[in-house]
Amino acid sequence: MARKNFSEKREAIYSLIRNTKTHPSAEWVYQQLKDKYPNISLGTVYRNMAMFVEQGLIVSIGTVNGRERFDADTSLHAHFICDECEAVIDLDYLPYDRELDDSVALNTGHSVKNHSVFFHGKCRRCVEKSFI
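Under the numbering used here, the first residue of the sequence shown is numbered 96, with each subsequent residue one higher.
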């Protein structure tokens, strides 16, 4: 369903991000859409994704191998990042630990909004490939 002031390309960018679990980069989104929208530019994709982050529709989860990656799941959850294949995997089964926020606030006097948890290593698929 089109949102107010969403152009067709903007809607396509947002829809693609919402419908993937790959935690895409702007480059990935551009590659997926350029055949259907030949006049779309990488700059257009970057600007729209930055706007989506600003509006809270998606979140940036940081860079993996020099590429900023994004998540349409804006809930607070942990991620596993494969250092070999660059997969970013949601760890939804790990509950968000608000006690950690409270502990940091109590011990530092800082006002903690939230925290991010990233595990790095080799994903199951890469581990299995290394045994073949």
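Just to be clear, a hint being listed does not mean it is correct.
Computed list of lysine-lysine pairs in DSSO-like fashion (alpha-carbon distance at most 30 Å, straight line) [claimed, not checked]:
no.: 1; residue 1: K224; residue 2: K208
no.: 2; residue 1: K129; residue 2: K104
no.: 3; residue 1: K131; residue 2: K104
no.: 4; residue 1: K224; residue 2: K104
no.: 5; residue 1: K217; residue 2: K104
no.: 6; residue 1: K129; residue 2: K116
no.: 7; residue 1: K208; residue 2: K129
no.: 8; residue 1: K116; residue 2: K104
In case anyone wonders, no lab produced these hints; they're calculated from the structure.
Verification of the supplied hints:
1. Only pairs whose Cα atoms come within 30 Å are accepted, and K224 paired with K208 is rejected, the gap being roughly 40 Å.
2. A C-alpha spacing of about 10 Å is found between K129 and K104, which places the hinted pair at or below 30 Å, so the restraint holds.
3. Under the criterion of a C-alpha separation no larger than 30 Å, the hint pairing K131 with K104 is consistent with the structure, at around 10 Å.
4. For the hint pairing K224 with K104, the CA-to-CA distance comes to about 38 Å; that exceeds 30 Å, so the pair is violated.
5. Between K217 and K104 the CA atoms are separated by roughly 35 Å; this puts the pair beyond 30 Å, and the hint is violated.
6. At roughly 20 Å between alpha-carbon atoms, K129 and K116 fall within 30 Å of each other, so this suggested pair holds.
7. Simply put, K208 and K129 have alpha-carbon atoms about 38 Å apart, too far for the 30 Å limit, and the pair is violated.
8. For the proposed pair K116 and K104, the alpha carbon gap of about 20 Å is at most 30 Å, so the pair holds.
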